[in-house]
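Engineer: Position chains B and C against the provided structure of chain A, taking the given hints into account.
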Amino acid sequence: MRASLFITCYNDTLFPETGQAVVRLLERLGVELDFLPAQTCCGQMHANTGFRAEAFSQAKRFVQLYRDAESVVIPSSSCVAMIRDQYSGLFEELGNEDLRKQFAALLPRVFELSEFLTDKLGVEDVGAYFPHRVTYHASCHGLRGLQVGDRPFRLLNKVRGLQLVPLANLDRCCGFGGTFSVKNAEVSTAMLDAKLTDVLATNAEYCTALDNSCLMHLGGGLHRQKKSLQTVHIAGILASTAEHPHGAAV
Amino acid sequence: MSAPVHPTATVPSPVMDPRLAPPFPTAALPILQNTQLRKNVAHATDVIQAKRNNLVAEKKDWRELRNSAAAIRAHVLANLGSYLEEFETNCTAAGGTVHWARDAEEARAIILRILREENATEVIKIKTMTSAEIQLNPALEAAGIKAIETDLAELILQLGDDEPSHIVVPALHVNRRQVREIFAQKMGLPELSDDPEALTAAARTYLRKKFLSVPTAISGANFLIAETGSVVIVESEGNGRMCLTLPRALITLAGIEKVLPRFADLEVLLQVLARSATGERMNPYTSLWSGVTAGDGPERFHVVLLDNGRSEILRRKVERQTLQCIRCGACMNTCPVYRQTGGHAYGSPYAGPIGAILTPQLEHMQHAQSLPYASSLCAACYEVCPVKINIPEVLIELRAQVVNQERSQPARWFDPMYLGMKAANFAFASATRFRLAQRLGRVGLRLFTGKNGWIRRLPSLGARWTMSRDLRALPEETFRDWWATRDAKPGKESR
Amino acid sequence: MATSSRQLILDSIRAATHNDSSIYADLPRNYIHRGALDKASRLQLMTERLREYGAEVAESSLADLATTIARQLQSSGRHIFVAPPSLPAEWLASNFVWKVDHALSHDEIEQCDGVVTAAFAGIADSGTIVLHHSPTEGRRVLTLLPDFHLCILRASQIVETLPEYFDRCPQPPRLATYISGPSATADIEMTRIKGVHGPRFLSLILVRDDI
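Residue numbers (our numbering), protein chains in the order written: chain A, 1 to 250; chain B, 1 to 495; chain C, 1 to 211.
Chain A extracted, bound-state conformation (with noise of 0.2 Å):
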């Protein structure tokens, strides 16, 4: 089985040990992985501000460059949120019927991690070893955008040693939004503490979700207030083994 790793901007820069992590348990599972670097962004950021035309250059990019992939795997459920609710739109609107007759045909190898695991690859099991305390943040694109459903549920239930205590309120947005966490900063640091407050509440060791964008948010107060609860990408704790446990040096 082979994939290709689109690893998103923000993951790239800021958190790359997403990215390994998604490699070793991959590579682990079996999957011959590679990585185009020609790879930048999906376009996401630009769309969902309103600066669709440089969002139009970003997605033709991305169409392009995966056209040959088998899968394309991507440990970020609002870029393939993005990919799948506005590429289509994007492409019809800018009047480009081979783009989007392209991309079409691409779609359907499109993933987000927990998708690809459950669906592509079948399993729940991956042999991951995280002995902690973990409580779950339904990220929305991957809730409402992707409908994962119970994928991260069925994962997470497999992990050795994982002790996974529910969230209250777990399908309320976290206040990240993207450009929303800047340009509605009050409010959404509203948001970002009724989100705490239920986190806190589990006495979780780890908060874990779909994506680091919700995680980077919620990681930033977390860590303004002091508190000890960590966030960890769901790739981090399904990529820990017990010969390799997250948070060791890769």
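Derived by calculation from the structure, the hints in this document are not laboratory data.
It is possible that some hints are incorrect.
As the list claims (entries may be wrong) - Listed next, with one range per pair, are the computed distances between beta-carbon atoms: (1) T35/B x T67/C: 58 to 64 Å; (2) G77/C x T35/B: 44 to 50 Å; (3) T205/B x D193/A: 41 to 47 Å; (4) E122/B x D147/C: 24 to 30 Å; (5) P108/A x T35/B: 47 to 53 Å; (6) K227/A x Q36/B: 40 to 46 Å.
All C-beta atoms, glycine included, are put in the ideal place defined by N, C-alpha and C.
Structural biologist: Just chains B and C now, with coordinates in the frame of chain A:
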């Protein structure tokens, strides 16, 4: 408008005129400090949402009803002209008079003319956001006509010189002590207790006198039925029935999008409306009437059909769905942003997710341009909308329009967000540029990185992040750097 | 002559929709139309829903109806009742004062403690009483001003679902009132208070006329 001193607000009276209201982030600030309001909003939205969720779970055909409701509303919009004409014909045949108002000014003029014909000095009103949209009450006041709001919440707000903060429970930001003060003062009841039962009884008595004496009423409409020329109003208190039945003349103000094709279409819309709005299987009172009926109700009935920007919204492919709205408020009740701010921050009679898309469009995108950004795009609203309006899709579309406006303004070169977006787009155009940008970013941020490897304060737009969140320093090695060293094979190229 | 606003609005609408085609008959209608409950269960559901929102419910056979009415009026503690013009004479129980509505004024109706009416239908799913304001149901003000409403609903008039009611209407009513609860408000601190306007006391007699 001066800031009156009154018991319900600890801040100056909120501005609900989109042309005058401050941008959303600014308007939200004082509200975020109003703990009581936020608690009330959270409590109210939780209660309604829980009831709604229970009833939706109970309704085995909820998905099918929602599909039909959305389809019926979209169908109406595609045939709006014919249905409005059919409504007009049938309403007129039933004894009503139909007027057409292109904009708010014309609607006010029509209503004032009718009221003058009726020699009205007072008018009783049923809550209608459409009348707030056209700013009717100030116009009535200026014409020497006293408008009396008869919904309990609207009465509280009117007597308290305040503004609604929620579509269905407009006075949810007001507590019982505040209501007691308002009633005691304005109704002359110094001994009144703050028990909600006593307060309600006081309102009942006060309003009953009005219902039985004021001969002219103004209402909105939940639905207009084309097939029969009927109007449908949905309510809980009974003040609607009073206003629709007792006066001699009735004026109904309705947006042109309110029409439904057939009476039987109510079998779908009523099922989804009550569950979505108040978490009930059916609201206490629903009234339907057609024109004028001798011996039963008003002798004179007028409908004022209001365009005010709606036919423009109709033109636009993505935005047209905005007009499918049936004003249930479910989007508001589920919105995590609204939960923190209530309605006042939106500076419009229409708040929450629907307000964020409707308000700027009714203003022809000339005002309220901050509203499409008053959202984290979580899509909870779309999930609950009984007529399946893809609000996030419309928000993104409107954001593109706002940015396109900005593209022609010289001031854009001083907007850090604009500059940042252009710079990022430049960087994303090639891997070489992107890697360079990553390096520059890492080096630049070193200035702000503390010994523990975290950034606590950033300048400019970054300060908006660091006001409440730390940022981990950019790692020395990006993912692509790590991959390159680990996977150094001949023949690999990067563009 | 200046183009009327009506014309301008319709022109604007036409410009926006002239390429649309959407046929009414093609609209999806896959929701539940007919209920699955039998007569007894339907009656029971209607009773449950009515009681849930605080209405008093009594059952009666057709033969006992007049007696049941008298009993319910007695227990209401009220004395002066208004009646729609065609309310069956046998329903006007003795020992009470009856004002039959032949163009009564609002003030005269205000003097009455209660009203007795028939109904057009009942919808069990939501406990809704449907009035089409025929001469046995009375014009709208009759069921609005008095504080007590005794409504006689026959079991054969009760349907389970809302679509079934619409199916039953031979033609759309000119006037209709759908009652699914006492007047209520949650406007003060979300505390549900009953009886803001309209009758605060609702009493139903469900007549088992289809057994």
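Engineer: If a hint holds in the structure, say so; if it doesn't, say that too.
Structural biologist: Cross-check of the supplied hints:
1. T35/B x T67/C: 58 to 64 Å: holds, 59 Å
2. G77/C x T35/B: 44 to 50 Å: At roughly 47 Å between Cβ atoms, T35/B and G77/C fall inside 44 to 50 Å, so the hint holds.
3. T205/B x D193/A: 41 to 47 Å: holds, 43 Å
4. E122/B x D147/C: 24 to 30 Å: holds, 25 Å
5. P108/A x T35/B: 47 to 53 Å: holds, 49 Å
6. K227/A x Q36/B: 40 to 46 Å: violated, 27 Å
Against the hints set out earlier in the document, a violation occurs for number 6 only.
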